[in-house]
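**Q** One letter stands for each residue in the lines below.
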Amino acid sequence: MYAYDGLDETLVRERATQFRGQVARRISGELSEDDFKPLRLRNGLYLQLHAYMLRVAIPYGVLGSDQLRALARIARRYDRGYGHFTTRQNIQFNWIRLADTPDILDELAAAEMHAIQTSGNCIRNTTTDQFAGVAADEIEDPRPWAEIIRQWSTLHPEFSFLPRKFKIAISGSPSDRTAIAVHDIGLSMLHGPGGETGFKVWVGGGLGRTPMLAEALRDFLPGADLLSYLEAILRVFNIEGRRDNLYKSRIKILVSTLGIDRFRDLVEAEWAQIRDSALRLDEAEVSRIRARFSPPAYEATAESGQFAGRRLEDAAFARWSAANLFPHKQPGYAAVTVSLKPVGGIPGDMAADQMDALAGLADEYSHGEIRVTHRQNLILAHVRQDSLYDLWRALDSLGLATPNLMRVTDIIACPGLDFCGLATARSIPVAQRLSERLAEIDERHDLGELTINISGCINSCAHHHVGHIGILGLEKAGAESYQVTLGGSSAEDASLGKIIGRGFGADEIVTAIETIIVTWLELRQDGERFLDSLRRIGPAPFREALYGRE
Amino acid sequence: MAHLVITGNRLRDGAVVWRGAAGDWSRDIADASIHATEGQLAASLDTARLEEASGRIIGVYEVEVETRDHGVVPARLRERVRADGPTVSVV
Ligand code: SF4
Numbered sequence: 005m006y007a008y009d010g011l012d013e014t015l016v017r018e019r020a021t022q023f024r025g026q027v028a029r030r031i032s033g034e035l036s037e038d039d040f041k042p043l044r045l046r047n048g049l050y051l052q053l054h055a056y057m058l059r060v061a062i063p064y065g066v067l068g069s070d071q072l073r074a075l076a077r078i079a080r081r082y083d084r085g086y087g088h089f090t091t092r093q094n095i096q097f098n099w100i101r102l103a104d105t106p107d108i109l110d111e112l113a114a115a116e117m118h119a120i121q122t123s124g125n126c127i128r129n130t131t132t133d134q135f136a137g138v139a140a141d142e143i144e145d146p147r148p149w150a151e152i153i154r155q156w157s158t159l160h161p162e163f164s165f166l167p168r169k170f171k172i173a174i175s176g177s178p179s180d181r182t183a184i185a186v187h188d189i190g191l192s193m194l195h196g197p198g199g200e201t202g203f204k205v206w207v208g209g210g211l212g213r214t215p216m217l218a219e220a221l222r223d224f225l226p227g228a229d230l231l232s233y234l235e236a237i238l239r240v241f242n243i244e245g246r247r248d249n250l251y252k253s254r255i256k257i258l259v260s261t262l263g264i265d266r267f268r269d270l271v272e273a274e275w276a277q278i279r280d281s282a283l284r285l286d287e288a289e290v291s292r293i294r295a296r297f298s299p300p301a302y303e304a305t306a307e308s309g310q311f312a313g314r315r316l317e318d319a320a321f322a323r324w325s326a327a328n329l330f331p332h333k334q335p336g337y338a339a340v341t342v343s344l345k346p347v348g349g350i351p352g353d354m355a356a357d358q359m360d361a362l363a364g365l366a367d368e369y370s371h372g373e374i375r376v377t378h379r380q381n382l383i384l385a386h387v388r389q390d391s392l393y394d395l396w397r398a399l400d401s402l403g404l405a406t407p408n409l410m411r412v413t414d415i416i417a418c419p420g421l422d423f424c425g426l427a428t429a430r431s432i433p434v435a436q437r438l439s440e441r442l443a444e445i446d447e448r449h450d451l452g453e454l455t456i457n458i459s460g461c462i463n464s465c466a467h468h469h470v471g472h473i474g475i476l477g478l479e480k481a482g483a484e485s486y487q488v489t490l491g492g493s494s495a496e497d498a499s500l501g502k503i504i505g506r507g508f509g510a511d512e513i514v515t516a517i518e519t520i521i522v523t524w525l526e527l528r529q530d531g532e533r534f535l536d537s538l539r540r541i542g543p544a545p546f547r548e549a550l551y552g553r554e
Numbered sequence: 178m179a180h181l182v183i184t185g186n187r188l189r190d191g192a193v194v195w196r197g198a199a200g201d202w203s204r205d206i207a208d209a210s211i212h213a214t215e216g217q218l219a220a221s222l223d224t225a226r227l228e229e230a231s232g233r234i235i236g237v238y239e240v241e242v243e244t245r246d247h248g249v250v251p252a253r254l255r256e257r258v259r260a261d262g263p264t265v266s267v268v
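So the sequences go chain by chain: A and B.
Heads up, the first sequence is in our numbering, so the first residue is 5 and it goes up one at a time.
Heads up, the second sequence is in our numbering, so the first residue is 178 and it goes up one at a time.
FYI, nobody ran anything at the bench for these hints, they're computed from the structure.
Virtual Cβ for every residue (Gly too), placed ideally from N, Cα, C.
Check the hints yourself; a few may be wrong.
As the list claims (entries may be wrong) - Rough simulated footprint, nothing fancy, chain A against chain B, three-plus residues with beta-carbon under 8 angstroms:
(1) 196-207
(2) 212-226
(3) 237-244
As the list claims (entries may be wrong) - Far from chain B, by Cβ distances over 10 angstroms, these chain A residues were calculated:
(4) Asp12
(5) Leu43
(6) Gln52
(7) Leu53
(8) His54
(9) Ser260
(10) Asp353
(11) Asp400
(12) Pro433
(13) Gln436
(14) Asp497
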């Protein structure tokens with residue numbers, strides 16, 4: 005995995021020192037809150053309902069075991085002994101004291117981590133496939149490119165005050181596990197006519213108040229031109245994007261207002277000016293970065309007979325293997341999803357003790373590397389098949405082996421009104437009650453892939469528009485009201501869910517979702533996915549089951 | 178006028194605090210001074226905002242409350258969550 009060079013180290017340490025001075029001046033009263041707020045947000049520090057929240061960057065979701073231990077230490081020393089993994093592959097601490105933040109940033113810097121650009125109208129953490137470098141269907145490992153984008157975008161002076169925040173996702177596989185269609189820029193890797201690596205470029209996707217799927221901006225962009233082309237897009241957005249209306253300031257609004265053709269013309273004109281500038285990536289530089297992501301030293305091993313045998317002997321292990329393992333391109337290995345969605349638990353939360361224990365398991369079984377997924381789970385990406393049984397038993401004893409990846413209890417939920425200052429309703433208790441109610445139905449009927457996403461307000465941090473079932477918490481006449489959307493997907497068949505009808509109260513929403521699922525089971529054909537049934541039969545039967553023949 | 182109390186967050190740790198009759202800030206909403214007239218509220222808010230400017234408290238605003246058998250309760254769920262803490266127990 006990527007290791008800091010001297011430049012990264014200096015930059016992060018200098019930023020921590022600078023913030024120490026800013027915090028001291030704020031506490032002494034020298035800086036007003038109005039002056040200080042943009043500075044703290046630049047360092048990922050928000051004020052939430054009960055305390056400050058610190059969002060720590062995990063570039064493209066990759067962590068070393070010592071970094072996870074550092075996060076555990078921070079959780080224990082400065083928070084309440086846990087952290088919350090987010091849909092942007094980052095981690096948040098919910099109970100932070102302002103006065104402690106300089107020490108926390110120092111501890112992060114010592115572990116080659118930081119909170120830079122986790123907030124504010126800048127380019128945020130570039131997200132990528134959790135199975136990067138591992139997936140058998142991969143065209144190329146996207147992480148070196150994500151790292152190139154990180155280096156280019158970090159403290160980029162021209163793009164520090166964009167009209168609005170900016171999110172980029174990059175996928176190296178035809179199977180999209182990065183939700184490209186709902187990003188400001190989505191990059192999917194492909195080979196060009198001469199076999200060279202490049203990208204299909206998508207632009208203008210996003211959720212929130214005005215959900216939109218990205219449009220294709222360029223069918224093939226050579227890898228060498230990645231930064232100049234990104235710079236051209238950002239430049240057009242920076243100049244043309246709206247700054248007068250918060251709700252119209254994302255690039256998706258600009259693209260839809262101008263139309264994709266006009267937007268493309270502007271980008272291409274800008275690009276023509278800078279294409280052959282210093283932004284052009286030479287092969288030596290790309291190779292230098294690529295070398296930092298070379299695969300770990302896999303042992304030559306065949307498909308494990310022991311693994312097959314254990315699955316026959318132990319039904320619980322077989323169930324977990326079927327749900328939480330991903331095929332590895334190296335024979336005899338597998339990538340393991342560590343579920344942070346225990347039934348009845350808080351999606352994405354992890355206790356410090358679990359972090360320490362998982363860091364140990366990563367060292368023992370997966371070359372000391374952990375990844376964060378945008379579904380708020382973790383990955384051990386390089387596990388020998390003949391170690392899987394022992395690893396599973398260890399994970400199970402830690403409460404980290406729920407066999408539910410992409411299943412109905414693998415719910416994505418934002419912090420909602422229990423923590424978030426912008427929320428209009430709670431999401432966590434709905435997720436907890438739903439997973440308790442639906443686990444049993446899943447066990448009985450094997451529901452297969454069925455995703456549920458719950459956001460606590462229209463900002464849509466839990467991407468509810470692209471859940472097969474989406475739930476949006478609102479406040480109606482002083483009470484929580486939950487709006488349900490059906491038919492969303494963030495995969496390569498991306499679609500936005502459609503509202504099924506009027507919302508449900510907090511005491512009705514779990515039964516409403518159960519009704520949808522029970523109705524579907526009557527209509528399901530040949531083990532098809534909920535999403536496929538819905539696409540086949542449409543929403544009418546669900547509407548009727550929920551509201552009768554109104 | 179509805180009954181109102183004044184709230185904010187403590188600068189140092191972000192903790193939710195409620196303004197008492199003596200101008201003190203308490204972690205407990207039971208200690209909050211309740212305002213029943215516009216005039217009372219405006220005077221208290223003015224002073225609270227001065228305290229905000231001096232830096233100890235941030236984000237001062239008023240919150241509507243109801244008096245129930247077991248004490249003062251904010252009318253909106255958001256403020257009830259602020260007063261009582263998250264409704265879920267953490268890991
Ligand atoms: S969706 Fe709304 S409630 Fe949920 S984390 Fe985002 S801003 Fe907060």
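**Q** Would you mind marking each hint as holding or not holding in the structure?
**A** Here is what the structure says about each hint:
1. Counting residues of the region 196-207 of chain B whose CB lies closer than 8 angstroms to any CB of chain A gives 0, which falls below the minimum of 3, so the coverage claim is violated.
2. Proximity of the region 212-226 of chain B to chain A, defined as three or more residues with a beta carbon under 8 angstroms from a beta carbon of that chain, is not established by the 0 residues found.
3. Here the region 237-244 of chain B counts 0 residues with a CB under 8 angstroms from a CB of chain A, which misses the bar of 3, and the coverage is violated.
4. Separation of Asp12(A) from chain B is adequate, the least Cβ-Cβ distance of about 30 angstroms exceeding the 10 angstroms criterion.
5. Distance check for Leu43(A) against chain B: the nearest CB is about 14 angstroms away, which clears 10 angstroms, and the non-interface claim stands.
6. Interface exclusion of Gln52(A) from chain B breaks down, the closest Cβ pair being 7 angstroms apart, not more than 10 angstroms.
7. At the 10 angstroms boundary, the C-beta of Leu53(A) falls inside the reach of chain B, the nearest C-beta of that chain being 5 angstroms off.
8. Distance check for His54(A) against chain B: the nearest CB is about 6 angstroms away, which does not clear 10 angstroms, and the non-interface claim fails.
9. The beta carbon of Ser260(A) is kept farther than 10 angstroms from every beta carbon of chain B, the shortest such distance being approximately 32 angstroms.
10. Not every beta carbon of chain B lies more than 10 angstroms from that of Asp353(A), the smallest distance being close to 5 angstroms; the non-interface claim is violated.
11. The beta carbon of Asp400(A) is kept farther than 10 angstroms from every beta carbon of chain B, the shortest such distance being approximately 17 angstroms.
12. Under the 10 angstroms C-beta cut-off, the non-interface status given to Pro433(A) relative to chain B is violated; the minimum distance is some 6 angstroms.
13. A beta-carbon of chain B comes within 10 angstroms of the beta-carbon of Gln436(A); the shortest separation is about 7 angstroms.
14. With 10 angstroms as the threshold on Cβ separation, the claim that Asp497(A) sits away from chain B holds: the shortest Cβ distance comes to roughly 34 angstroms.
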